[in-house]
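Colleague: Sequence:
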Amino acid sequence: MLVSPPSQHEHHVNNASARVGGTSSPEPLPSTDCSSINVPLVLQTTEQRQILDTGPGEGEFRSKTYSNMNSLAVKRVVDDIVKSPEDKREYRGVELVNGIKALLISDPTTDKSSAALDVYIGSLSDPDNIPGLAHFCEHMLFLGTKKYPKENEYSQFLSEHAGSSNAFTSGEHTNYYFDVSHEHLEGALDRFSQFFLGPLFDESCKDREVNAVDSEHEKNLMNDAWRLFQLEKATGDPQHPFHKFGTVPNLSSSLQQKS
Numbered sequence: 001m002l003v004s005p006p007s008q009h010e011h012h013v014n015n016a017s018a019r020v021g022g023t024s025s026p027e028p029l030p031s032t033d034c035s036s037i038n039v040p041l042v043l044q045t046t047e048q049r050q051i052l053d054t055g056p057g058e059g060e061f062r063s064k065t066y067s068n069m070n071s072l073a074v075k076r077v078v079d080d081i082v083k084s085p086e087d088k089r090e091y092r093g094v095e096l097v098n099g100i101k102a103l104l105i106s107d108p109t110t111d112k113s114s115a116a117l118d119v120y121i122g123s124l125s126d127p128d129n130i131p132g133l134a135h136f137c138e139h140m141l142f143l144g145t146k147k148y149p150k151e152n153e154y155s156q157f158l159s160e161h162a163g164s165s166n167a168f169t170s171g172e173h174t175n176y177y178f179d180v181s182h183e184h185l186e187g188a189l190d191r192f193s194q195f196f197l198g199p200l201f202d203e204s205c206k207d208r209e210v211n212a213v214d215s216e217h218e219k220n221l222m223n224d225a226w227r228l229f230q231l232e233k234a235t236g237d238p239q240h241p242f243h244k245f246g247t248v249p250n251l252s253s254s255l256q257q258k259s
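Mapping of the sequence shown onto full-length UniProt numbering: position 78 corresponds to residue 78, and the numbering continues sequentially without gaps.
Hints are supplied without guarantee of correctness; some may be wrong.
In silico DMTMM-like cross-links for lysine to aspartate or glutamate, where the CA-CA straight-line distance does not exceed 20 Å [as the list claims (entries may be wrong)]: (1) 88 - 118; (2) 206 - 218; (3) 150 - 232; (4) 147 - 111; (5) 146 - 190; (6) 244 - 232; (7) 206 - 118; (8) 233 - 172; (9) 233 - 218; (10) 150 - 111; (11) 206 - 153; (12) 244 - 202; (13) 146 - 202; (14) 244 - 218; (15) 219 - 202; (16) 150 - 190; (17) 150 - 207.
Treat the hints as calculated values from the structure; they're not laboratory data.
These figures come from a predicted structure and were not determined experimentally.
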């Protein structure tokens, strides 16, 4: 596990790469209002942003993506995205009929393709009696889906095709991302998307992942940055969600009491 800044908890699945698809933080779509999806376990309607980075060179980007833009699933396409004159990448914004907003990025210099999905909900939305639930949910999504029930299918596919993946839970966001060799982006996206379509939440994995969340708390106990962050939270308004503890000790006890 990474030693993360206090605002997030990271979950390693494969070896972390120095960069993901050669991209930096993209500019937002002209409209920043995103529609909602239902997130398993957290049970709250949230916004999300999806960012894809693909490999075709300049000039090919629009021709390669245009046919897909005519799909009935696409509600709106935005090409006039403001960027720096020094930014040679090409961008396209897409809004789907289900409310998802995506930013497509073409970078001819990148050596991999990548994708990220951000769900606008995190540890601040944990139930008062089950702190740590959002972080636990983040871990569980990696452990098999209805289409790909094998527990390590996603991580194995990425590792076999020069890829890596990670995720983090912060107060208001849960973010998942990966990179992979260009020719295997479609296969990786199919496995990745199943996290949000049909996760198994296999009970046999529960105790192990509860222990993983607990271990992240244990490693943070002697980290000054985390200690100061928790001090700030502890002195906040007890009635405000910021007061909650995101990586809770003894999460297993909380889950057992709830059941």
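Colleague: Against each hint, give a clear statement of whether it holds in the structure.
Modeller: Against the structure, the hints come out as follows:
{"no.": "1", "hint": "88 - 118", "verdict": "violated (25 Å)"}
{"no.": "2", "hint": "206 - 218", "verdict": "holds (18 Å)"}
{"no.": "3", "hint": "150 - 232", "verdict": "violated (41 Å)"}
{"no.": "4", "hint": "147 - 111", "verdict": "violated (29 Å)"}
{"no.": "5", "hint": "146 - 190", "verdict": "holds (12 Å)"}
{"no.": "6", "hint": "244 - 232", "verdict": "holds (11 Å)"}
{"no.": "7", "hint": "206 - 118", "verdict": "violated (23 Å)"}
{"no.": "8", "hint": "233 - 172", "verdict": "holds (15 Å)"}
{"no.": "9", "hint": "233 - 218", "verdict": "holds (18 Å)"}
{"no.": "10", "hint": "150 - 111", "verdict": "violated (28 Å)"}
{"no.": "11", "hint": "206 - 153", "verdict": "holds (18 Å)"}
{"no.": "12", "hint": "244 - 202", "verdict": "violated (27 Å)"}
{"no.": "13", "hint": "146 - 202", "verdict": "holds (10 Å)"}
{"no.": "14", "hint": "244 - 218", "verdict": "holds (17 Å)"}
{"no.": "15", "hint": "219 - 202", "verdict": "violated (26 Å)"}
{"no.": "16", "hint": "150 - 190", "verdict": "holds (14 Å)"}
{"no.": "17", "hint": "150 - 207", "verdict": "holds (18 Å)"}
Consistency note: the structure conflicts with the earlier hints numbered 1, 3, 4, 7, 10, 12 and 15.
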